[in-house]
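Student: Residue strings, one per chain:
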Amino acid sequence: MVDLKINGLHVSMPEGSTLLEAARFLGFPIPTLCHMDGLEPYGACRLCVVEIGREPKARLVTACTYPVQEGLEVRTASSRVLRARVMILELLLASCPQSRTIQDLASAHNVRQQRFRQEHEDCILCGRCVRMCKEQMMAGAIGFRGRGENRSIGTPFDLRSEQCRLCGGCIYVCPACQLRCTYNEPEKAICGGCANLSPPCIEKEPFDDMMCYMSPCVACEIPKE
Amino acid sequence: MQRLKSIDDFKALQDRLYTDRDASISSIVISAGTCGQASGANDLIRATKRELLSRGLAERIHLRITGCHGFCEAEPSILVEPQGTFYPRVPVDAIPRIVEAVAHDAVVEDLLSVDPQTGAPIAKQADVPFFRGQVRTLLSRNEKVDPIRISNYIENGGYAAFVQVLERGEPSWVITQIKASGLRGRGGAGFPTGTKWEMLARQPDGRGKIVVCNADEGDPGAYMDRSVLEGNPHSIIEGMLIGAYATGATEGVIYVRNEYPLAIKHLVIALRQCSDLGLLGESILETSFRFDIRLVRGAGAFVCGEETALMRSIEGRMGEPRQRPPFPMQRGIDGRPTVINNVETWANIPVIITEGAERFSQTGTARSGGTKIFSLVGKIRHTGLVEVPMGITIEKIAYDIGGGPRDRGRIKAVQTGGPSGGCIPARMFSLPIDYDSLAEAGSIMGSGGMIVMDESTCMVDVAKYFMRFLKDESCGKCFTCRKGTQRMYEILDDISSGRGTMTQLDLLEELAQVVKDTSMCGLGQSAPNPVLSTLRYFREEYEEHIRDHRCRAMVCKELVGAPCQTACPLGTEAWRYVAHIARGEYEDAYRVIREANPFPSVCARVCSHPCETHCRSGEAGKKPIAIRALKRFITDRIDPSAYRPERKNGAGEEAAKIAIVGSGPAGLTAAHYLSLSGYRVTVFEADDRPGGMLVSGIPSYRLPRGVLQKEIESVIDDRVTLQCKAALGRDITIDGLFEEGFRAVFLAMGAHKSRKLNLEGEDVEGVFPAIQFLKTFNLNGKQSARGRVGVIGGGDSAVDAAGVALRHPEVQNVTIFYRRTRQEMPAQERDVEAVLEEGVTLETLTTPVRILTDHGRLAGIECVRNRLGEIDSSGRRKPVPIPGSEHVVLLDTLIVTIGDIPDIEYMASMGIEVTDWGTIRADKKTLTTSRAGVFAGGDVVTGPNTVVEAIAAGKKAAVMIDRWVRGEELKQPVTPRLPRVYVPPPIDAEEAVEGDRVKAPTVAADSRRRSFEEVELSFSVEQATCEARRCLRCDLEFTEPREDALPSAAAGGAAW
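Heads up: the protein sequence lines correspond to chains R and G, in order.
If you use my numbering, the first sequence corresponds to residues 1 to 225, in order.
If you use my numbering, the second sequence corresponds to residues 1 to 1056, in order.
Check each hint, because a few of them may be wrong.
Said to hold, decoys possible - What follows is a set of in silico ranges between Cβ atoms, one per label pair, in the way DEER data are often shown:
id, chain 1, residue 1, chain 2, residue 2, range
1, G, Asp15, R, Pro56, 54 to 64 Å
2, R, Pro56, G, Ala366, 17 to 27 Å
3, R, Arg83, G, Pro432, 53 to 63 Å
4, G, Ile269, R, Glu119, 46 to 56 Å
5, R, Pro56, G, Leu836, 38 to 48 Å
No lab work stands behind these hints, which were simulated from the structure alone.
All C-beta atoms in this analysis are idealised placements derived from N, C-alpha and C, irrespective of residue type, glycine included.
Just chain R, with the same shape it has in the complex (with noise of 0.2 Å):
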């Protein structure tokens, strides 16, 4: 067992448990948006931070991948850890504002404006797709391509791969797309699931057009003619 201290709480966790679980554990919440049970951690939502270490040597690490250590003392709510989760999540409204997850998880840290170019990104590249399809399908027909900001998830070459079973996990934990926003208008059937796979289907008109490898999409259930 590794003893350590969150927020000032002793905490005993086993080896090998990351600092997510330990505050879990005691109870302290924390925002998370890549991370989901049973899916190995990953840290790239960044939404996780937490503080560790004594000045001036303190510094952020991602609370889901950063294993517990001896003697660490964690601060899970410092002011250090909330101005860059309210940066974090303007950064994601700038980028993806209509996915509800983020919408909620803003309004949730006050968070009501962002202050940079207004963009309607699908993807907010959290790998959680990449990961449920690799992990929990054990078929790794989908992950990342390229680096910086041509970074992409799709299949090689944008073919259908062969390991697709069209099992539709993929959308299921989708944080961007799963429940899209469809402002004050009742839930529509289309649920722009698809539009998370490069290259979008839903700009595509008519739908019968649909590049979306899926067919019938699992989620919006429109068969591809």
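Starting from the known structure of chain R, fit chain G onto it as the hints suggest.
Tutor: This is chain G only, laid out in the frame that chain R set:
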């Protein structure tokens, strides 16, 4: 070579190589790294081989082809051993002469490098300033070794350190040595190497440990690892062998980027040689130690230089960093304990073992031992790789080794550590460089890139450049790094194109801080450094971009447009008239010039031409377009009647009376434009004729009086009254002017009082302040200089005074004394050259300390010699007197030109505030003074300045006074002056050959020496067309052909 079977075998080989060596034989060493080959080293090699063979000298003179020696700017270079003669930039046809000289143990003088201060040739490499300040522990080995010959390496003591370690048989001793040496990781983070190794050594063996050489050098502008890989690959292999032995590793990986083909080639050869010789593989030298190295080629992702990403890349997966802990020492490549060190770190290991840890740690600082190679690039005279001890100051690197700024620039900052590093401003150049001090200053050591920036570098643009690099090179895993760099780039792009706001600046800073805080790997954590450090030290540049839409370095395209136009205080569309000249449309060209400037012929002769200084044709070592000479060509050719300014008919308010004090360029320009707007203007002049400094300061051989007179007369029209011999404070007062009914007053009296040396005897006969000397001659024709004349100062008036004095019949010789070097003289380079041609002597680095008198008359001066010392606040090296260098210069006339100030002691009594510098305090943007209705501009506000600045002030005053009289707000919104009128390029433009700058013809130096006739002559039509066609036409990026608008000056695009 035969496989070595034991340590004794190796020693026998070593002995054999030592004895075979004949130290008396001369060697020609040609540096042929990538830099050398790119500059033509391969041709030199071929020529040398041919020459040696054809003359039968192959036995007497050896040829050695090596990697880069560091002085990349001087490539292709030749070093002759054992004499140590160094030839920079050797042309192929010089090879026979060099071979001849080597054969006779002589030197070819004219091919040697030259001392920048004395001009004397320097034969020895060690005496070249670039090499003198360095401690070349690693780089000097590059000169000794042919990288593709292992025998060469062993002959120079190679693999001896490894064999020593092997013989001793104590891995822990190696680690103690490395720890004691104080060596810290050269890749940038500076982790103590010994500690790292110790941690690996302690790990259980398991499936075997791995040592990795990180040769993924991706920083733009940094290439020290490449030169070591190319020049001395065996030193890295030896370092890894020692490291493997010390830590118990059995496998080695060299991860090198595929963009380094030569390095890969040399590494592959070296690895094969080692295997053949039995230095790598199973049971090395028949001991129980086994170790093998494989080469992994990286595909060029910057992030793969990060150790966890590098490990993943070696494993064959996508280069993506991961969370540490676990550290590579615990779980590295394929889960096996791994240690990763930089190329330079590995190369240092054999040095530590051979020389001893203690000796190694004596170099450098207490906290980081040894030397570091920096790659010195950018706006500096000598670029290349410099190896210096840790703890050296930036100043030493930039000025002593790098030779200081290029041309007449001033170094503004140094960027260290590549895209992850930050900028260190010039005022912090005394900072000793080591890992900790740089981190404190907001930068990092990084792998050692050092980019020097001068005034022509825009700091916003620098930050933008690096951010663009990082947003492409971020792996994209961490949301904050991927999106954060994109957003930072977006904001920087907004700022550099004039769309930025002050709130965005705060957002940028906030975002940068969060990206730094929340990113996982070193790339993300250091990505905001370029932004944060430039914001910290150069915030005013950011604000200037946002508030004034101005890029002072003339870089940001959307703000600058055509640099010639933006640089001109008058906003003259230089590109436009140059384009018209290229098309032969001379009248159009004249209209463009005249529209912006009421004194075109004056400016065509004496303008300080900031347009040429910033001309894009003048970049990259080329010459700018001769814009002023082209202007001269037009003004000489076209009658002023080609342009008729629009005149408003003033009535009522607009016919108000305006008083202008001073009839210099500022005053007359204001009068001209106010009169065009309909005002009635009275110009008061203290002297007996108008013109101010134009007539009293500038000698007629530069500005013929007829030309000047014509232009002055042209601006004095029926609404302008000129009243001479009316001086403010003596004949008129400001109160009096307002009482007389003048609505506004513009003060433009200029600066007519010379500053003093503050030396005793300054008032004796024979000593003249510059203004007095020039004025008495130019206005009254009085020739006050005689005999031996000395001029103190380095500005334009010093040069003018010297030129005028030289033309006096009673003068024997003229000497200018300046305290800094010629490079730093504020006077226009061309004018200095002209007077030197005429026979004036220039004594630089000399300061007068005493005036010697004889019976109340000047007898001479005592001077002291200076040397260049520390960098002062202006970014120039301070002249420091050399004790004991005092010497006497006998003189009959001394002219003191160390700056002028306005003669305005009476000002305070008139309710006008004066600055500590003795100038009028006026708002820069509105020209308003502390008294309502009183405006001021020109030299009386700025101190001595250029003609074009004075005209600009007059122009601005006219606008401001007009607004004031109308009761409008004075401040105007600033908008970038971008080219708007399309002038088609000449049809046959593509055929225009790339020629050199055409030099304006001048009267021969000996015939102009005693003459006051104009010196510079006009271009011929061919010359002008040729020169104008050299223009790069920056404007075409902003304009588009329009069918409805014919290109002419009348068709819009007012210059103001």
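Student: Of the numbered hints stated earlier in the document, which are not met by this structure?
Tutor: Going through the list in order, the structure violates hints 3 and 5 and respects the others.
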